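Chain residues, written in single-letter form:
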Amino acid sequence: MLDALPFHKLLIGTVLISVALLSATPLPAQTPLASLPEQRPDTPWPTHGWPVAALHDAVDRTLIANVLRGLFDARSPAGLPDTRALLVVYQGSIVMEVYADGFGPDSRFFSWSMAKSVTNALTGILVRNNRLQLDAPAPVSSWRDPLDPRSAITLRQLLHMTTGLDNADGSGGGLGFESHMMFSPDLRDDMAASAAAVELIHEPGTHWAYSTATSTILGGIVSRTVGGNRAGLINFAREELFGPTGIDTMEFEFDKSGSFVGGAFVWASARDWARLGYLYLRNGVWDGRRILPEGWVDFTRTPAPASNNGIYGAQFWLAGVAAAGQNPGIRSPQGAFNMTGANGQLVVMVPAKDLVIVRLGEAHVEDWDYFNALPARIAAAFPAHGLPEAGESGGTPIGHTP
Amino acid sequence: MTLLRKISIGLAVVSSAAVVIGMVILKPMADVGVGYVAKQVCSCVHVGKRPFEQCRQDYLQERIEVAELTDLHGVQATIFPIAEASAYYYPNAGCTLE
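Listed in order, the protein sequences are those of chains W and D. Following my numbering, the numbering of the first sequence begins with 1 at its first residue and continues without gaps. Following my numbering, the numbering of the second sequence begins with 1001 at its first residue and continues without gaps.
Calculated from the structure, these hints are not laboratory results. In this text, all values refer to a predicted model and were calculated from it rather than measured experimentally. Just so you know, even glycine gets a beta-carbon here, dropped at the ideal spot from N, CA and C. Honestly, I wouldn't trust all of these hints.
Stated by the list, open to error - Chain D side only, calculated, beta carbon under 10 angstroms to chain W, not exhaustive:
id	residue
1	Leu1004
2	Lys1006
3	Pro1028
4	Val1032
5	Gly1033
6	Ala1038
7	Phe1052
8	Asp1058
9	Glu1068
10	Asn1092
11	Cys1095
12	Leu1097
Stated by the list, open to error - Here are the simulated lysine to any residue pairs, SDA-like style, with alpha carbons at most 25 angstroms apart:
id	chain 1	residue 1	chain 2	residue 2
13	W	Lys256	D	His1073
14	W	Lys256	D	Gln1076
15	D	Lys1049	W	Pro146
16	D	Lys1049	W	Pro149
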């Protein structure tokens, strides 16, 4: 009766970009991390509005025109556009910001799995505040028994998705563990508890598996650490993340227990998604204030140490060589790291070019080749960071009315 | 008992068994489906601030009916008669299935 339900829409970003790994192969030698660009002295921080600039002459406008051509053509059967926002920040200024009809700078867009990267930020802040310890056993009540092998799982392994827990996306039959966790009446009321109530199938720290449930366990830890209810997390985020960075549209969603659904449920405007990406591009420091701990961004963009992983860091995806059986996902420029979510949500940081690329919307047409190639196509148009001077300050970005 | 009557009873038993087995297998999927639609349409309307009909179109699933619970700031999704879910908006805290 229900076999025609296109639930793959729900699963695309989580299952397809995270197909379970079937075989282990030696990883290529790890390349050094790209250096993160510093804020240009002539460009204000985007706390109270993003600076805007015209495209610099050194940018290849033909390539940009090719990206923009047909950008909003892919549509659902009801006529809704797939791509709804495309925003590019170059050297600290918005140089491109285009929206489909009916959407604009104030529109909020759904994260799907980009929420995992938000969870990384909240966790990082709590580590900086010494309220969580990266290498201590993760504070999960159902794992406290020292005879329980899950008691050895650390916060670091949760962030790396190397817990060894039997809750990977797509596992468990049916529509996959993550779908049942988020939407089934048996599991959804306390998602973090449901996610934690599974057995180990690998020794912690040895095997990578993409898992929305794991990020949801992290969301539960963060929630409990700051009060265990909606207001506690919202106030914490406002004080520690939103206020300092000027993020003012981000809204978290919670399960019935009041725990943040850290694997999938966050909304924000395109400009605020860009702000979050920009915080990471600037090494976790915002206008002189350290938001994320020293070294956190490098930890985040270093591949998780498992023999079956090459392109996943700590709740962020990385450019690089995927391990055998690992879905390569989007084709990022070298040194890039990114947040990705189902249906083509992308926030891509390209340190070598001082770029943040944001694409938001849906994927009714599901042209994955298009989505996977989009960041590299845009980045190719921009020169390496440091070559040109900043674009004309106050000039008109693409998509803005002169 | 005539042969025709035996065949009729046999068909009824087989049909009933098929319905029961189908329900056991499909019910969990139906629950996920209505939960997904109720939650996402609720969030789209109340957090995304988009019109209900547009949100319904974005998360449309076959055989799932969706209704806006305007006074309750919620959305209900139903696959009659086997599954139903409702999600409600909490100010500044998105939608939650309840």
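- Which of the stated hints cannot be reconciled with the structure, identified by number in ascending sequence? 1, 2, 7, 9, 15, 16
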